[in-house]
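Peer 1: Residues per chain are reported as follows:
Protein chains: 2
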Amino acid sequence: MSKVTIKNEAITSRDEDFAKWYTDVCRKAELMDYSSVKGFIIYRPYGYAIWEQIQKHLDVKFKETGHENVYMPLVIPTSLFQKEKDHVEGFAPETLVATHGGDENIIDPLIIRPTSEVLFCEHFAKIVNSHRDLPKLYNQWCSVVRWEKTTRPFLRGAEFLWQEGHTIHATEEEARHEALQMLQIYDDMGRDLLAIPFTTGIKTEKEKFAGAVETYGVEALMHDGKALQSGTTHYFGTGFAEAFGISFQDKDNALKPVHQTSWGVSTRLIGAVIMVHGDDNGLVLPPHVAPTQVVIIPIQQNKPGVLGKAREIAETLKGLGLRVKVDESDRTPGWKFSEWEMKGVPLRLEIGPRDIENEVIQAAKRNDGHKETIAFSDLSKEVPALLELIQSEMYQKACEFVKTHTTRVNEYEDFNHVLNEVTGYAEMMWCGDQGCIDKIKEDFAATARVMPFDKEAFNDHCPVCKRKAEKVVLVAKAY
Amino acid sequence: MSKVTIKNEAITSRDEDFAKWYTDVCRKAELMDYSSVKGFIIYRPYGYAIWEQIQKHLDVKFKETGHENVYMPLVIPTSLFQKEKDHVEGFAPETLVATHGGDENIIDPLIIRPTSEVLFCEHFAKIVNSHRDLPKLYNQWCSVVRWEKTTRPFLRGAEFLWQEGHTIHATEEEARHEALQMLQIYDDMGRDLLAIPFTTGIKTEKEKFAGAVETYGVEALMHDGKALQSGTTHYFGTGFAEAFGISFQDKDNALKPVHQTSWGVSTRLIGAVIMVHGDDNGLVLPPHVAPTQVVIIPIQQNKPGVLGKAREIAETLKGLGLRVKVDESDRTPGWKFSEWEMKGVPLRLEIGPRDIENEVIQAAKRNDGHKETIAFSDLSKEVPALLELIQSEMYQKACEFVKTHTTRVNEYEDFNHVLNEVTGYAEMMWCGDQGCIDKIKEDFAATARVMPFDKEAFNDHCPVCKRKAEKVVLVAKAY
Numbered sequence: 001m002s003k004v005t006i007k008n009e010a011i012t013s014r015d016e017d018f019a020k021w022y023t024d025v026c027r028k029a030e031l032m033d034y035s036s037v038k039g040f041i042i043y044r045p046y047g048y049a050i051w052e053q054i055q056k057h058l059d060v061k062f063k064e065t066g067h068e069n070v071y072m073p074l075v076i077p078t079s080l081f082q083k084e085k086d087h088v089e090g091f092a093p094e095t096l097v098a099t100h101g102g103d104e105n106i107i108d109p110l111i112i113r114p115t116s117e118v119l120f121c122e123h124f125a126k127i128v129n130s131h132r133d134l135p136k137l138y139n140q141w142c143s144v145v146r147w148e149k150t151t152r153p154f155l156r157g158a159e160f161l162w163q164e165g166h167t168i169h170a171t172e173e174e175a176r177h178e179a180l181q182m183l184q185i186y187d188d189m190g191r192d193l194l195a196i197p198f199t200t201g202i203k204t205e206k207e208k209f210a211g212a213v214e215t216y217g218v219e220a221l222m223h224d225g226k227a228l229q230s231g232t233t234h235y236f237g238t239g240f241a242e243a244f245g246i247s248f249q250d251k252d253n254a255l256k257p258v259h260q261t262s263w264g265v266s267t268r269l270i271g272a273v274i275m276v277h278g279d280d281n282g283l284v285l286p287p288h289v290a291p292t293q294v295v296i297i298p299i300q301q302n303k304p305g306v307l308g309k310a311r312e313i314a315e316t317l318k319g320l321g322l323r324v325k326v327d328e329s330d331r332t333p334g335w336k337f338s339e340w341e342m343k344g345v346p347l348r349l350e351i352g353p354r355d356i357e358n359e360v361i362q363a364a365k366r367n368d369g370h371k372e373t374i375a376f377s378d379l380s381k382e383v384p385a386l387l388e389l390i391q392s393e394m395y396q397k398a399c400e401f402v403k404t405h406t407t408r409v410n411e412y413e414d415f416n417h418v419l420n421e422v423t424g425y426a427e428m429m430w431c432g433d434q435g436c437i438d439k440i441k442e443d444f445a446a447t448a449r450v451m452p453f454d455k456e457a458f459n460d461h462c463p464v465c466k467r468k469a470e471k472v473v474l475v476a477k478a479y
Numbered sequence: 001m002s003k004v005t006i007k008n009e010a011i012t013s014r015d016e017d018f019a020k021w022y023t024d025v026c027r028k029a030e031l032m033d034y035s036s037v038k039g040f041i042i043y044r045p046y047g048y049a050i051w052e053q054i055q056k057h058l059d060v061k062f063k064e065t066g067h068e069n070v071y072m073p074l075v076i077p078t079s080l081f082q083k084e085k086d087h088v089e090g091f092a093p094e095t096l097v098a099t100h101g102g103d104e105n106i107i108d109p110l111i112i113r114p115t116s117e118v119l120f121c122e123h124f125a126k127i128v129n130s131h132r133d134l135p136k137l138y139n140q141w142c143s144v145v146r147w148e149k150t151t152r153p154f155l156r157g158a159e160f161l162w163q164e165g166h167t168i169h170a171t172e173e174e175a176r177h178e179a180l181q182m183l184q185i186y187d188d189m190g191r192d193l194l195a196i197p198f199t200t201g202i203k204t205e206k207e208k209f210a211g212a213v214e215t216y217g218v219e220a221l222m223h224d225g226k227a228l229q230s231g232t233t234h235y236f237g238t239g240f241a242e243a244f245g246i247s248f249q250d251k252d253n254a255l256k257p258v259h260q261t262s263w264g265v266s267t268r269l270i271g272a273v274i275m276v277h278g279d280d281n282g283l284v285l286p287p288h289v290a291p292t293q294v295v296i297i298p299i300q301q302n303k304p305g306v307l308g309k310a311r312e313i314a315e316t317l318k319g320l321g322l323r324v325k326v327d328e329s330d331r332t333p334g335w336k337f338s339e340w341e342m343k344g345v346p347l348r349l350e351i352g353p354r355d356i357e358n359e360v361i362q363a364a365k366r367n368d369g370h371k372e373t374i375a376f377s378d379l380s381k382e383v384p385a386l387l388e389l390i391q392s393e394m395y396q397k398a399c400e401f402v403k404t405h406t407t408r409v410n411e412y413e414d415f416n417h418v419l420n421e422v423t424g425y426a427e428m429m430w431c432g433d434q435g436c437i438d439k440i441k442e443d444f445a446a447t448a449r450v451m452p453f454d455k456e457a458f459n460d461h462c463p464v465c466k467r468k469a470e471k472v473v474l475v476a477k478a479y
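First to last, the protein sequences are chains A and B. Per this note's numbering, the first sequence starts with residue 1, numbered consecutively. Per this note's numbering, the second sequence starts with residue 1, numbered consecutively.
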């Protein structure tokens with residue numbers, strides 16, 4: 001076993017400039033490209049294929065839990081958009097508005113959907129009459145548009161791809177259960193697909209979605225110690241139902257408003273994968289989400305038998321359900337190594353004339369550079385096992401990072417050290433006063449990420465105001 | 001065996017008013033609903049699920065033939081849109097244009113994509129340098145917007161869902177092959193998935209896509225004898241490449257423009273399925289594309305053992321990979337029968353206490369109403385066999401319809417009988433002069449649908465002008 005230590009010179013190193021490293025990886029790994037309109041990016045095949053893996057995983061989970069896919073219009077008339085007060089205040093400042101269609105001026109200008117709550121509400125009001133019509137468990141895969149001033153690939157865009165779930169229920173209990181169930185599906189997806197340990201919890205009043213009674217979130221910690229909100233689920237209560245007249249005749253004959261939820265994750269998850277797992281040689285993809293899990297590099301590929309054997313092995317591995325590519329291009333092996341390293345393919349297999357003679361293949365793990373020799377006869381057992389090992393090592397490493405970057409803060413003077421030197425989450429007891437969080441924001445540019453479900457009180461006062469505190473909150477700088 | 005003859009009173013009959021029958025089916029089968037913006041429809045779960053089946057089928061075929069999915073921006077700056085002259089003339093009159101983002105006026109107003117050729121071209125120009133970079137075989141699943149004055153669910157909408165393939169190649173031969181290969185994939189999909197026999201061929205000069213050198217099409221014949229263009233593929237030559245500067249250094253070191261194609265099918269295919277197969281009781285879905293292939297109706301479902309047995313049979317059939325639903329709602333069996341008939345589920349199974357005693361189930365085929373009794377022990381063999389039989393019967397029936405609705409026209413005076421009484425395709429020899437087609441359009445409101453690949457000359461003169469004619473063209477009224 002030996003370590004790969006070649007540094008890929010094409011990208012900035014993470015320590016030198018993390019933001020530049022990030023955009024370098026986005027472009028050099030061919031995940032995306034810029035278009036001529038700011039904030040509207042092109043999802044190139046390799047980036048889109050990661051999103052397809054996420055879609056495939058989640059779509060199965062959504063359907064297993066009884067959800068159905070629908071598609072709502074791209075546009076929302078301004079008058080409809082204004083029906084729910086909190087909601088319009090939250091989104092109006094960043095809407096893209098269409099005012100002309102063909103040769104007509106549009107009287108009620110059309111907002112390109114920033115999110116589709118109001119469209120679902122208008123439809124629900126039409127199709128729901130009786131308790132027999134409930135619940136409705138809908139999901140939509142689409143793109144949404146938010147006219148953001150500052151944009152970064154995958155993390156914040158004028159347009160991004162997402163799924164938005166919208167459900168209505170007869171009771172509060174059922175709707176709250178739905179919001180938590182979907183949070184659990186996101187949390188599981190983080191672990192099982194992306195090898196990212198999410199922190200789950202409740203958002204503070206200020207960080208809630210526009211129009212929600214409760215917002216739950218999954219939060220991830222990036223390599224630079226900043227947090228990334230990676231998905232949210234919302235319990236809306238009956239606010240939208242009352243604004244839009246979504247009511248039903250219950251079993252007791254009373255007319256009641258429905259209880260509503262919505263929930264979503266977006267292509268932001270691609271950004272999370274890049275920033276949690278990437279290294280100075282580029283992308284490092286967890287095998288479960290990698291579009292290509294194994295790349296086979298033929299050595300001296302013009303020698304008789306080399307390409308044939310490489311293809312034969314590829315077919316064998318594909319037969320096991322693995323996603324495999326043979327790089328048959330006329331580049332040098334060295335060029336291919338760094339290309340596929342940059343693209344983060346989890347496992348590289350090299351095969352040349354001598355390997356064929358010895359009936360072995362050389363394997364190199366992308367996540368830690370370890371190499372080993374595998375006998376042809378062991379390939380069908382060893383390659384899947386190595387991929388599972390890589391997935392598990394990457395998840396463990398990410399868990400360890402969260403652990404070493406979560407620091408309890410008992411006194412206000414410790415925030416500077418925790419947020420600026422250790423970096424990551426500052427775990428604090430909170431009195432519940434937004435003023436205390438605002439002060440931290442002002443002094444350290446950090447915000448309340450989430451009040452985690454699994455953290456217990458470790459102290460009895462708020463480090464900002466010294467008043468009594470019962471809630472635990474994680475504070476961090478964030479994307 | 002007996003025939004079901006109950007007429008569903010909820011919908012207009014096809015003979016009475018085909019257009020009203022169509023919208024009745026769209027709404028009563030819960031395929032779609034209208035939104036508050038004209039032409040922007042809501043794809044309800046049952047309608048969207050049909051689209052998902054089409055997507056799943058095609059996405060596999062696209063990937064098997066080496067295509068990769070990408071996602072391009074939703075918006076096109078007006079200045080970019082205007083770069084290819086024919087293209088902009090074709091689409092400009094029906095664009096939706098965004099002029100405001102947040103609190104800004106947008107200087108170069110953004111067109112909501114009616115199709116994405118120019119976006120792909122701009123990107124291709126950036127990423128292609130050498131023959132090594134070719135071909136690029138891209139596809140995109142998305143929605144597009146065309147500000148149409150007259151709209152009909154699935155057939156013509158201000159917004160519709162589609163896929164658009166965009167490819168670039170080093171040679172004309174390769175690009176032309178691509179356009180024909182994708183046409184073949186559409187044609188196969190018609191037969192294998194939708195049970196629709198498409199007619200394939202070349203579009204006349206006038207019916208070509210804006211900017212294309214050659215447009216190929218798949219055309220289908222609806223129950224009312226009108227044709228529906230169901231998919232097109234285009235060979236662009238080097239026109240876009242020259243307008244956008246997409247060139248590459250070839251093996252001979254010469255700088256050459258790429259040869260380009262595009263191809264697409266849309267949710268219009270859902271309209272085709274409705275109008276080819278539907279009857280006076282509603283939708284009739286071919287088993288391969290049906291979201292639910294088998295519905296099980298428990299009879300006297302409160303009697304002990306009935307629901308249990310229904311669920312057990314459902315699990316057995318699901319285990320075979322079939323899409324099965326048990327209707328456990330508290331409606332009467334009669335209500336359920338007509339509900340699932342309306343929704344076109346290919347096979348209905350009924351099971352009650354007496355059937356359980358006799359270890360049989362009653363099966364009813366949606367396409368022709370035939371009923372039969374199946375022993376429990378034969379279910380795993382008989383149900384899949386019945387579904388295959390239904391698929392094949394529906395395809396054969398549709399083929400027969402095309403055959404009886406394709407009539408050769410040798411003399412101009414025969415057009416009236418063929419287009420207005422027989423209905424369907426008038427098959428004629430054509431001199432190649434658009435004036436002759438225009439005259440038919442003026443007199444009979446019919447257009448040239450396609451010059452079919454598989455039809456041989458049957459005469460030597462054009463029935464309009466009597467001049468020499470060598471091409472066969474199919475003329476029909478069309479959607």
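The set of hints was computed from the structure by calculation and includes no laboratory data. Accuracy of the hints is not assured; some may be wrong.
[Stated by the list, open to error] In silico lysine-lysine, DSBU-like type, Cα no more than 35 angstroms apart, as pairs:
#1 B:Lys318 x B:Lys303
#2 A:Lys318 x A:Lys336
#3 A:Lys309 x B:Lys61
#4 A:Lys336 x B:Lys251
#5 A:Lys381 x A:Lys397
#6 A:Lys56 x B:Lys126
#7 B:Lys126 x A:Lys63
#8 B:Lys20 x A:Lys61
#9 A:Lys251 x A:Lys226
#10 B:Lys149 x B:Lys318
#11 B:Lys206 x A:Lys61
#12 B:Lys208 x A:Lys126
#13 A:Lys28 x A:Lys149
#14 A:Lys365 x B:Lys126
#15 A:Lys309 x A:Lys61
#16 B:Lys126 x B:Lys208
#17 A:Lys251 x B:Lys28
#18 A:Lys256 x B:Lys251
#19 B:Lys63 x A:Lys336
The structure presented is a predicted model; accordingly, all values stated were derived computationally and were not measured.
Peer 1: Would the hint linking Lys149 of chain B and Lys318 of chain B be met if the CA-CA limit is 35 angstroms?
Peer 2: violated, 45 angstroms
Peer 1: Between the alpha carbons of Lys63 of chain B and Lys336 of chain A, is the straight-line distance 35 angstroms or under?
Peer 2: Distance of about 23 angstroms is within 35 angstroms: holds.
Peer 1: CA of Lys309 of chain A to CA of Lys61 of chain B, is that 35 angstroms or under?
Peer 2: holds, 27 angstroms
Peer 1: Within 35 angstroms, alpha carbon to alpha carbon, are Lys309 of chain A and Lys61 of chain A?
Peer 2: Violated - the C-alpha atoms of Lys61 of chain A and Lys309 of chain A are around 38 angstroms apart, more than 35 angstroms.
Peer 1: For the pair we were handed, Lys381 of chain A and Lys397 of chain A, check the Cα-Cα distance against 35 angstroms.
Peer 2: holds, 24 angstroms
Peer 1: Are the Cα positions of Lys256 of chain A and Lys251 of chain B separated by 35 angstroms at most?
Peer 2: Cα-Cα ~72 angstroms, so violated.
Peer 1: Is the hinted pair Lys365 of chain A and Lys126 of chain B satisfied, with a Cα-Cα distance of at most 35 angstroms?
Peer 2: holds, 33 angstroms
Peer 1: Hint check: Lys206 of chain B vs Lys61 of chain A, CA-CA at most 35 angstroms. Holds or violated?
Peer 2: Not satisfied, since the Cα-Cα distance of roughly 48 angstroms exceeds 35 angstroms.
Peer 1: For a C-alpha distance cap of 35 angstroms, please report whether Lys251 of chain A and Lys28 of chain B respect it.
Peer 2: holds, 25 angstroms
Peer 1: Measure nothing beyond the straight line between the CA atoms of Lys56 of chain A and Lys126 of chain B; if it is 35 angstroms or shorter, mark the hint as holding.
Peer 2: holds, 30 angstroms
Peer 1: If you draw a straight line from the CA of Lys336 of chain A to the CA of Lys251 of chain B, is it 35 angstroms or shorter?
Peer 2: holds, 21 angstroms
Peer 1: Checking one constraint from the list: CA of Lys126 of chain B to CA of Lys63 of chain A, max 35 angstroms. Satisfied?
Peer 2: violated, 40 angstroms
Taken one by one, the earlier hints fail for this structure at numbers 7, 8, 9, 10, 11, 12, 15 and 18, listed in ascending order.
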